[in-house]
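**Student:** Residue numbers for the sequence shown follow my numbering, beginning at 190 and rising by one.
Just so you know, these hints were derived from the structure itself, not from any lab.
A few of these clues could be false.
List time: in silico PhoX-like cross-link candidates among lysine-lysine, alpha-carbon distance up to 25 Å [as the list claims (entries may be wrong)]:
hint	residue 1	residue 2
1	Lys267	Lys255
2	Lys252	Lys228
3	Lys228	Lys267
4	Lys224	Lys254
5	Lys268	Lys228
6	Lys224	Lys338
7	Lys228	Lys323
8	Lys268	Lys255
9	Lys237	Lys255
10	Lys323	Lys237
11	Lys252	Lys267
12	Lys228	Lys344
13	Lys267	Lys254
14	Lys237	Lys252
15	Lys268	Lys254
16	Lys252	Lys224
17	Lys268	Lys237
18	Lys224	Lys268
19	Lys335	Lys323
20	Lys254	Lys228
21	Lys224	Lys344
22	Lys358	Lys323
23	Lys255	Lys228
24	Lys237	Lys254
25	Lys237	Lys260
26	Lys224	Lys267
27	Lys338	Lys358
28	Lys335	Lys358
29	Lys252	Lys268
30	Lys237	Lys224
31	Lys255	Lys224
Derived DEER-like restraints, expressed as beta-carbon distance ranges [unchecked claim]:
hint	residue 1	residue 2	range
32	Cys319	Gly287	36 to 44 Å
33	Cys319	Asp281	35 to 43 Å
34	Lys268	Leu352	31 to 39 Å
35	Glu343	Glu265	36 to 44 Å
36	Asp212	Glu355	28 to 36 Å
37	Met190	Lys252	15 to 23 Å
Virtual Cβ for every residue (Gly too), placed ideally from N, Cα, C.
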Amino acid sequence: MRISLFAAMSLDGFIADDNGNEDFLSDVHWAEFTKIAEKIGCFVVSRKAYDAVNKWDDEDNIKAKKIIVSKNSQLELKKGYLLASSPESALDVAAENGCDEVLVAGGGQLNRAFLENDLVDEIFLTIEPCILGKGVDFVAGSELSKKLKLVDVEKLENGIVRLNYEVIK
190 MRISLFAAMS LDGFIADDNG NEDFLSDVHW AEFTKIAEKI GCFVVSRKAY DAVNKWDDED
250 NIKAKKIIVS KNSQLELKKG YLLASSPESA LDVAAENGCD EVLVAGGGQL NRAFLENDLV
310 DEIFLTIEPC ILGKGVDFVA GSELSKKLKL VDVEKLENGI VRLNYEVIK
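Let the sequences and hints guide you as you build the complete structure.
**Tutor:** What follows is the structure, encoded as structure tokens:
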């Protein structure tokens, strides 16, 4: 199974501010995520990320299987969402539902878990032209070390850049 990771972040590597807000991100990031998620057909997010975007209603319109990773097996999810207890079980749920590719979309702890377990094949980053100074790290404070190979760079609207990396294993 091919696993990609998507993150929208500030120039200094934060995916949210200290309060978990992503208000600094423009709609360009959401459009890019939607495009990639629909192409891949399945995405995985943490319970915290699910809670953060749950109020937007836009994620319901994405034509992809949606898997939430949470240790709470009693978590009530909106219709159309699937529940997994770990990154590995999320991949099992994806496979059971006919997915041969998965897009991981955070938060930082879930990104770290997938990367630490050598589960990620490629990374898509969209960079907002701003500096936050502090906030939620892309890989949640990990001392993780990974070598990457730049595959593509694309300039998007509003000065946003999308970087695509292959993870060297």
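**Student:** It remains to establish, for every hint, whether it holds in the given structure.
**Tutor:** Here is what the structure says about each hint:
{"no.": "1", "hint": "Lys267 / Lys255", "verdict": "holds, 10 Å"}
{"no.": "2", "hint": "Lys252 / Lys228", "verdict": "holds, 9 Å"}
{"no.": "3", "hint": "Lys228 / Lys267", "verdict": "holds, 22 Å"}
{"no.": "4", "hint": "Lys224 / Lys254", "verdict": "holds, 14 Å"}
{"no.": "5", "hint": "Lys268 / Lys228", "verdict": "holds, 21 Å"}
{"no.": "6", "hint": "Lys224 / Lys338", "verdict": "holds, 22 Å"}
{"no.": "7", "hint": "Lys228 / Lys323", "verdict": "violated, 32 Å"}
{"no.": "8", "hint": "Lys268 / Lys255", "verdict": "holds, 10 Å"}
{"no.": "9", "hint": "Lys237 / Lys255", "verdict": "holds, 14 Å"}
{"no.": "10", "hint": "Lys323 / Lys237", "verdict": "holds, 18 Å"}
{"no.": "11", "hint": "Lys252 / Lys267", "verdict": "holds, 15 Å"}
{"no.": "12", "hint": "Lys228 / Lys344", "verdict": "holds, 20 Å"}
{"no.": "13", "hint": "Lys267 / Lys254", "verdict": "holds, 13 Å"}
{"no.": "14", "hint": "Lys237 / Lys252", "verdict": "holds, 21 Å"}
{"no.": "15", "hint": "Lys268 / Lys254", "verdict": "holds, 11 Å"}
{"no.": "16", "hint": "Lys252 / Lys224", "verdict": "holds, 10 Å"}
{"no.": "17", "hint": "Lys268 / Lys237", "verdict": "holds, 18 Å"}
{"no.": "18", "hint": "Lys224 / Lys268", "verdict": "holds, 21 Å"}
{"no.": "19", "hint": "Lys335 / Lys323", "verdict": "holds, 22 Å"}
{"no.": "20", "hint": "Lys254 / Lys228", "verdict": "holds, 11 Å"}
{"no.": "21", "hint": "Lys224 / Lys344", "verdict": "holds, 15 Å"}
{"no.": "22", "hint": "Lys358 / Lys323", "verdict": "violated, 30 Å"}
{"no.": "23", "hint": "Lys255 / Lys228", "verdict": "holds, 13 Å"}
{"no.": "24", "hint": "Lys237 / Lys254", "verdict": "holds, 18 Å"}
{"no.": "25", "hint": "Lys237 / Lys260", "verdict": "holds, 11 Å"}
{"no.": "26", "hint": "Lys224 / Lys267", "verdict": "holds, 22 Å"}
{"no.": "27", "hint": "Lys338 / Lys358", "verdict": "holds, 11 Å"}
{"no.": "28", "hint": "Lys335 / Lys358", "verdict": "holds, 8 Å"}
{"no.": "29", "hint": "Lys252 / Lys268", "verdict": "holds, 13 Å"}
{"no.": "30", "hint": "Lys237 / Lys224", "verdict": "holds, 22 Å"}
{"no.": "31", "hint": "Lys255 / Lys224", "verdict": "holds, 14 Å"}
{"no.": "32", "hint": "Cys319 / Gly287: 36 to 44 Å", "verdict": "holds, 39 Å"}
{"no.": "33", "hint": "Cys319 / Asp281: 35 to 43 Å", "verdict": "holds, 38 Å"}
{"no.": "34", "hint": "Lys268 / Leu352: 31 to 39 Å", "verdict": "holds, 34 Å"}
{"no.": "35", "hint": "Glu343 / Glu265: 36 to 44 Å", "verdict": "holds, 38 Å"}
{"no.": "36", "hint": "Asp212 / Glu355: 28 to 36 Å", "verdict": "holds, 31 Å"}
{"no.": "37", "hint": "Met190 / Lys252: 15 to 23 Å", "verdict": "holds, 20 Å"}
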